[in-house]
Amino acid sequence: MVIIILLSTIVVLMMYSYTVETSLSTVKKDIQTNNLNRLRILVNSLDFNVEQLNMLSVALNAESKVGLLKSVDMMDNYEQDQLILDLSEKMKLQSFTQGWNVQIDIFSTLLNKWVGSSQNQTPPPVDMVEGRWVLESPQKLFSMYRKYEQNVVRVTFPKANLENMLDSAKLENNDPFFYYSDSIFISNRTLHTNLVQELVSKMSLKMQDTNEGTELISVGNMDYMVSFLKAQTLGWYMVDYVPLDKALQPIVKTQFFFYITCILLFLSGILTLIFFYRKVQVPILTLLKGVRQLQKGDFSHRISRTSNTEFAILYHNFNNMAQQIEDLIENVYKEKIISREALVKQLQAQINPHFLYNCLFFINNMNRMGNDEAVNAMTQNLAEYFRYTTRINDPLTTLEKEIGVVRNYLNIQSLRINRLHAQINIPDSMMSLIVPKLLIQPLVENSIIHGIEKKQSAGIIHISGSDDGDRYSLVVEDDGKGMTPEEIWSLLHRIEQPLDDTMGCALWNIRQRMLIQLGSQASLNITQSQHGGIRMELIWDKSSEMEE
Numbered sequence: 002m003v004i005i006i007l008l009s010t011i012v013v014l015m016m017y018s019y020t021v022e023t024s025l026s027t028v029k030k031d032i033q034t035n036n037l038n039r040l041r042i043l044v045n046s047l048d049f050n051v052e053q054l055n056m057l058s059v060a061l062n063a064e065s066k067v068g069l070l071k072s073v074d075m076m077d078n079y080e081q082d083q084l085i086l087d088l089s090e091k092m093k094l095q096s097f098t099q100g101w102n103v104q105i106d107i108f109s110t111l112l113n114k115w116v117g118s119s120q121n122q123t124p125p126p127v128d129m130v131e132g133r134w135v136l137e138s139p140q141k142l143f144s145m146y147r148k149y150e151q152n153v154v155r156v157t158f159p160k161a162n163l164e165n166m167l168d169s170a171k172l173e174n175n176d177p178f179f180y181y182s183d184s185i186f187i188s189n190r191t192l193h194t195n196l197v198q199e200l201v202s203k204m205s206l207k208m209q210d211t212n213e214g215t216e217l218i219s220v221g222n223m224d225y226m227v228s229f230l231k232a233q234t235l236g237w238y239m240v241d242y243v244p245l246d247k248a249l250q251p252i253v254k255t256q257f258f259f260y261i262t263c264i265l266l267f268l269s270g271i272l273t274l275i276f277f278y279r280k281v282q283v284p285i286l287t288l289l290k291g292v293r294q295l296q297k298g299d300f301s302h303r304i305s306r307t308s309n310t311e312f313a314i315l316y317h318n319f320n321n322m323a324q325q326i327e328d329l330i331e332n333v334y335k336e337k338i339i340s341r342e343a344l345v346k347q348l349q350a351q352i353n354p355h356f357l358y359n360c361l362f363f364i365n366n367m368n369r370m371g372n373d374e375a376v377n378a379m380t381q382n383l384a385e386y387f388r389y390t391t392r393i394n395d396p397l398t399t400l401e402k403e404i405g406v407v408r409n410y411l412n413i414q415s416l417r418i419n420r421l422h423a424q425i426n427i428p429d430s431m432m433s434l435i436v437p438k439l440l441i442q443p444l445v446e447n448s449i450i451h452g453i454e455k456k457q458s459a460g461i462i463h464i465s466g467s468d469d470g471d472r473y474s475l476v477v478e479d480d481g482k483g484m485t486p487e488e489i490w491s492l493l494h495r496i497e498q499p500l501d502d503t504m505g506c507a508l509w510n511i512r513q514r515m516l517i518q519l520g521s522q523a524s525l526n527i528t529q530s531q532h533g534g535i536r537m538e539l540i541w542d543k544s545s546e547m548e549e
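To convert, count from 1 in the sequence shown and add 1; that's my numbering.
Here are the simulated lysine to aspartate or glutamate pairs, EDC-like style, with alpha carbons at most 16 Å apart:
# : residue 1 : residue 2
1 : LYS71     : ASP82
2 : LYS247    : GLU173
3 : LYS29     : GLU216
4 : LYS482    : GLU446
5 : LYS29     : ASP246
6 : LYS141    : GLU164
No lab work stands behind these hints: they were computed from the structure.
Please model the complete structure; the sequences and the hints are all you need to start from.
Here it is as structure tokens:
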């Protein structure tokens, strides 16, 4: 859930960030377009006014009274003064028709003086560029000269005209100024000079290559959008800059609050998950842990966790259930142990009469045949055998003792069957294993009676053991008559069924005792032997190894 909430928050933030970036890009383009359009209006107005001044200088020269200046040297003093007075009044009237503070003067080469309102009687500069506006720094005036025959027309206006224009164009975030080469600029009366110098130093090269444009410039920790447009009449650039942080502040502020809201929602979601995890998930996990402990057989497990919710009732009921199961299992287990011991003793008791009957029949036959040696040997081995097997209270023994009983039995049978030979090959490491009594002897007996005795050429019994990693194996095989696959399958099927009067009990008995004492994974396998007879294999897991 935390991952889902985190991924959802990230997706929302990514989508919102993309939307904000798109909005910021659109707003920046709008600001750029608006600034350039605003500059165009201002520059066009400036160019219009300056162009009117240019035309005024041309039109003034066409005046009839200005033409009289060509012959002013032939006039008397009164006529000269009257002409100068008339020209001064006319130029004064034309100066105010433009809406600017403009001054128009005519320099007469014949009189060697300026005609007009100018107090400066310095002759025009020799290297003047005709028709070009130049800022004269000492007077802080823009001047333009036009040279004609016998006179020079000069039109000037103070840079205060441009300052007034910039003051009227200033907005809340915009701060325009005029820039010329070599870091010469004219600003409004509230301009930050240091900031303008920084912007100009970074913009000067870019403005030399184009007449208009917009650039993003960083000064300190602030980003500025700087727009510029060249006035063709003056040759100056009108520059306007706006701090993007202030222009984009509403969007950035909204973005900041949105991010804070997302973080708070994410944290509140995490706190909610933690609350539900502690109040719901942890109690459920506690119950699951208790159930798993019961599945593993640990019925003594109890839930000690306290809770102020409905889970307290569940904990109490679980502990009661576990206590009842533990009591029930303990009672059933005790009854099972008692029942199993009784069954083992019963099965053990079934072996003794079965073997006794066979031995008595053998003694009877040997007695009738007059084989006293076989009768004595059988009697002696039979006494040792019953001394070993009559201890019903102890149904387990070591494999070494079990093999000893098998040897005694083989010695008895070899007296009756001269061709009988036995091979016993069991590792010493297995001799100390604890196994049920009379586990191997009935198998050997079956091999002799049902295999070797019914085949004249047979006489070999091979007993072997192996330790195969996680399992033990004991094999008894012979070269006797053998059985077909169908007969083997039928035999295996019968020993898996409940015991009845129609079948022998030896193999069934062995299988039952293995299941009880060596575990449910123990098995008795019967197959055809490579020697021609039957191969019987006892297999059980090491994990079910018993202790005596």
